Amino acid sequence: MSQRMADTINRRRSHEKSNRLEGDTGCLVSQVQCNPSKTVHIIKFDWLSSAISAELAKIVLEEQLGICVEVVTMRNVTQALDEMSRYGDQTYYAILEFWRQTRKSLYDKYVEQLKTVVDAGELGFYGKAGWFVFSFMIKEYPGIDVYREYRTDRAVRYLAANSSATLGRFLGPARTWLSYDEQIINNLKLRLEIEYANETDTEESIVSRIEKAFLAQKPSLFYLWTPHFLSSTIDFEEVYLPGNTDSCWTERNQQLGLIDCDYPADILRKLVSQSVLKDDDLSQFFKKFSFSSELQITDIMNDIAYNGTSPFDASCNWIKNNTIIMKKWLPDKMSTGSAALIGTIVGSVTILLFVFGLIFVVCLVIFIMYRRKLRKQALRYAPKTLPITVVFTDIQNSTLLWSTCPDKMKNVLEIHNLVMRVNIDKYHGYECKTQGDSFMVAFESPLMALGFCLNVQRDLLLANWPLEMLEYEDMREVKWEEKLIYRGPRVRMGVHTGSDCEIHMDKTTKRFDYIGNAINKASKIESISVGGRVYCSEEFIEALKHTVLTQIITVKKETTDTILKKLAENDIQFFNVEEEEDQEVYWIMEFSFDRTLYIQQFELKLGVDKEVAEKIQLGEDIKRFICDPDSFSQEQKSKLVYDFVTIVNHDNIRDNVPPWSSIPVPNLFSVAYNYISRGWSSLDEEIHLPEH
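Just remember that the working numbering sits 3 ahead of the position in the sequence shown, which is counted from 1.
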């Protein structure tokens, strides 16, 4: 161990009197008893989720494995990795939250090149840093969530700290934190200045400024990351920055100040020192330590942030309520130790055979009850009464992708399945079965099924897909009007609600299965769906209406509020796309999702005629002109006036007016402007028609 690390530990021991030591009251035991000669040093950083992971691991290691833990706070990730690299062959070190993509150069150096630090696997949820704005700002100022807008005078005035400011304010992290906001601002030529957070208690400083601005309803652009407890109380949206790519996010660009893209999305990972691999108990524990959903760590963060609970008490409460998950972290031999001890005693002390036989029976009963509890926990969201809502999903053209690049598709499938299962847990679904890249998921509530489908499409768009796979047509990145429409595999979805099925409990697997016409209909709808879209049946829409009207909602209120709000505001609508064997099929349109407008204009062949597409495009052009009029040439402005008059007055004049391409009027905008401002009585002299 380095002298710096030793000094850090000594300072913490002398100043933090609340730190738990050997012999103190524990969470799962009355007194903490651990072996100080075998101490693990868990390195945490100055943000809350890192501290929570360290606290959870400390409780389990000390109270279940008898291994002492020192939790050490470090502000610099590079110094932490250097410490592990230099002294990790003799000292046990662990970092339980490492952002691999954000710090890719450090990972390559210490894990892949020097091999002095070991990757212990995924932590179980995504992390994503980025720029954010409050949701109310987008309603006040459409386009404020797109980076290009920060070049305009209007945005500067809207985001300025005060009336005399000449640049918009950006609430950034501390200068000591790894961030590339200054490079992004300079390279994208954005008129912003960074207001840095405090270098001590940085997260508290960031949160305080955001909460203060939100309470005052002051428009603010700020740095944050997800998952974060602020998302439980404040509505905010991520700002669209140029997409992250490996060619942008290089060590060379970072060093030369050339970063001009968004932060990457990370599947957070755990890192340990080489010495940990030599200890079987520690190696197994750190490999198994993980979450199945970001909601689990968010619950602990909310308990600390909003209930005033200490990190230890909040972590302890969570462990007591999630003992099944905690026991999965323990080494394999922990589950057989007691049985081996009992067997030895029974074999050695035959006189007590009857007593131990009775103990065995009692233990067997307890074991059976425990197994039933585990099974019940696994089946808690399985629909047990009719009707049920069934969702089928499938990756479009996956067979071609697998045959073309099987190795990379394994990584794609891993990310795809993680996104699916995180959302299944979030929206209380039941994973009936998987086959290849297809999922069958059952829901008690059609409202939760709707939320699951829409959120999966958004999460898939933001996932960190292998760049080699993005070269293929069915995974290619598609942008429209500076907005990301497609990126990664196109997953098609089909949803149906019905009672025309049977519910079976498989005697072998002890899992529920659903068989019948309702299941076949859902599968049929998925088969005619298109990658990136969600199709549904008329029965699903009726069940959704019934659920909303009768308020049959038995899930967490905060989970359903967003979907209910979108339905109430008509942000979610249903469009009849076709009839399949007397079955009406509808496309679920979410208008706050940019992909919907794109599909309407460029992909949908049924029900959206040329006139509707022209009106949608006209609306987009007018929005762009209002936000940035200088970007339009004189002829483009004239065409905008021409389109507005002809499209809005379609029924009256459209048939008598030739298209713009056959008779362009380049000075129409200035003529119209002069007519309105000066009141000219005749326009014939001003309009310059081309000679034909």
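FYI, nobody ran anything at the bench for these hints, they're computed from the structure. Check each hint, because a few of them may be wrong.
[As the list claims (entries may be wrong)] Straight-line alpha carbon distances no greater than 25 Å define the calculated DSS-like cross-link-like pairs of lysine-lysine that follow: (1) Lys429 <-> Lys331; (2) Lys107 <-> Lys118; (3) Lys413 <-> Lys486; (4) Lys436 <-> Lys41; (5) Lys291 <-> Lys107; (6) Lys107 <-> Lys331; (7) Lys281 <-> Lys118; (8) Lys548 <-> Lys486; (9) Lys331 <-> Lys142; (10) Lys290 <-> Lys429; (11) Lys323 <-> Lys290; (12) Lys215 <-> Lys142; (13) Lys429 <-> Lys323; (14) Lys281 <-> Lys41; (15) Lys323 <-> Lys281; (16) Lys142 <-> Lys568; (17) Lys429 <-> Lys387; (18) Lys118 <-> Lys323; (19) Lys142 <-> Lys569; (20) Lys568 <-> Lys642; (21) Lys486 <-> Lys387; (22) Lys41 <-> Lys118; (23) Lys107 <-> Lys513; (24) Lys281 <-> Lys112; (25) Lys281 <-> Lys331; (26) Lys429 <-> Lys291; (27) Lys548 <-> Lys513; (28) Lys436 <-> Lys411; (29) Lys486 <-> Lys331; (30) Lys387 <-> Lys413; (31) Lys387 <-> Lys118; (32) Lys640 <-> Lys486; (33) Lys41 <-> Lys411; (34) Lys112 <-> Lys290; (35) Lys330 <-> Lys429; (36) Lys41 <-> Lys513; (37) Lys387 <-> Lys411; (38) Lys429 <-> Lys281.
All figures in this text were calculated on a predicted structure; none of them were measured in a lab.
Now the hints, each set against the structure:
no. : hint              : in the structure
1   : Lys429 <-> Lys331 : holds, 20 Å
2   : Lys107 <-> Lys118 : holds, 15 Å
3   : Lys413 <-> Lys486 : violated, 28 Å
4   : Lys436 <-> Lys41  : violated, 44 Å
5   : Lys291 <-> Lys107 : holds, 23 Å
6   : Lys107 <-> Lys331 : violated, 30 Å
7   : Lys281 <-> Lys118 : holds, 15 Å
8   : Lys548 <-> Lys486 : violated, 32 Å
9   : Lys331 <-> Lys142 : violated, 46 Å
10  : Lys290 <-> Lys429 : holds, 24 Å
11  : Lys323 <-> Lys290 : holds, 21 Å
12  : Lys215 <-> Lys142 : holds, 20 Å
13  : Lys429 <-> Lys323 : holds, 21 Å
14  : Lys281 <-> Lys41  : holds, 13 Å
15  : Lys323 <-> Lys281 : violated, 30 Å
16  : Lys142 <-> Lys568 : holds, 15 Å
17  : Lys429 <-> Lys387 : holds, 19 Å
18  : Lys118 <-> Lys323 : violated, 37 Å
19  : Lys142 <-> Lys569 : holds, 14 Å
20  : Lys568 <-> Lys642 : violated, 38 Å
21  : Lys486 <-> Lys387 : violated, 42 Å
22  : Lys41 <-> Lys118  : holds, 23 Å
23  : Lys107 <-> Lys513 : violated, 43 Å
24  : Lys281 <-> Lys112 : holds, 22 Å
25  : Lys281 <-> Lys331 : holds, 21 Å
26  : Lys429 <-> Lys291 : holds, 22 Å
27  : Lys548 <-> Lys513 : violated, 33 Å
28  : Lys436 <-> Lys411 : holds, 24 Å
29  : Lys486 <-> Lys331 : violated, 42 Å
30  : Lys387 <-> Lys413 : violated, 34 Å
31  : Lys387 <-> Lys118 : violated, 51 Å
32  : Lys640 <-> Lys486 : holds, 23 Å
33  : Lys41 <-> Lys411  : violated, 40 Å
34  : Lys112 <-> Lys290 : holds, 21 Å
35  : Lys330 <-> Lys429 : holds, 22 Å
36  : Lys41 <-> Lys513  : violated, 42 Å
37  : Lys387 <-> Lys411 : violated, 39 Å
38  : Lys429 <-> Lys281 : violated, 37 Å
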